[in-house]
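Engineer: Sequence:
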Amino acid sequence: MSERFEVRETEYGYGIWDAKAGDWWIRRLDMTQRDAEQIVAELRRGEAEL
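As numbered in the UniProt record's numbering, the sequence shown has no gaps in its residue numbers, which increase by one up to the final residue, 50.
Hints in this document: simulated from the structure, not taken from any laboratory.
No experiment lies behind these values; they were computed from the predicted model shown.
Beta carbons: idealized from backbone N, C-alpha and C, even for Gly.
Among these hints, one or two may not hold up.
[To be verified] With beta-carbon atoms standing in for the labels, derived distance ranges:
1) Thr10 - Ala41: 12 to 22 Å
2) Gly22 - Gly46: 11 to 21 Å
3) Glu49 - Tyr12: 24 to 34 Å
4) Ala21 - Ala41: 17 to 27 Å
5) Ile26 - Ala48: 14 to 24 Å
6) Thr10 - Arg44: 30 to 40 Å
7) Ala21 - Ala48: 13 to 23 Å
8) Gly46 - Asp23: 15 to 25 Å
9) Gln38 - Tyr12: 16 to 26 Å
Turn these sequences into a full structure, and let the hints steer you where they fit.
Structural biologist: Spelled out as structure tokens, the structure:
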């Protein structure tokens, strides 16, 4: 099973892709990779608790 949320590089920075929805969960072009990875880690922890 693949992860629902993943960090994806955009033209200007990084965003968070929601594989379940097939769309961006958050598309912040100015987000750093580290910030995006921290948010994804929190989202994955929340998913694991469900």
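Engineer: Does each hint hold? Answer for all of them.
Structural biologist: Checked hints:
1. Between Thr10 and Ala41 the beta carbon distance is about 19 Å. The supplied range of 12 to 22 Å therefore holds.
2. The hinted window of 11 to 21 Å between Gly22 and Gly46 holds, with their beta carbons roughly 20 Å apart.
3. Distance hint check for Glu49 and Tyr12: the Cβ-Cβ separation is about 33 Å, which falls inside the suggested range of 24 to 34 Å.
4. In this structure the supplied range 17 to 27 Å holds for Ala21 paired with Ala41, their Cβ-Cβ distance being about 19 Å.
5. In this structure the hint that Ile26 and Ala48 lie 14 to 24 Å apart at CB holds, the actual value being about 19 Å.
6. A hinted range of 30 to 40 Å is violated for the C-beta pair Thr10 and Arg44, which are about 20 Å apart.
7. For the pair Ala21 and Ala48, the beta carbons lie near 18 Å from each other, so the given range of 13 to 23 Å is met.
8. At about 18 Å, the CB distance of Gly46 to Asp23 agrees with the hint of 15 to 25 Å.
9. The hinted window of 16 to 26 Å between Gln38 and Tyr12 holds, with their beta carbons roughly 19 Å apart.
Against the hints set out earlier in the document, a violation occurs for number 6 only.
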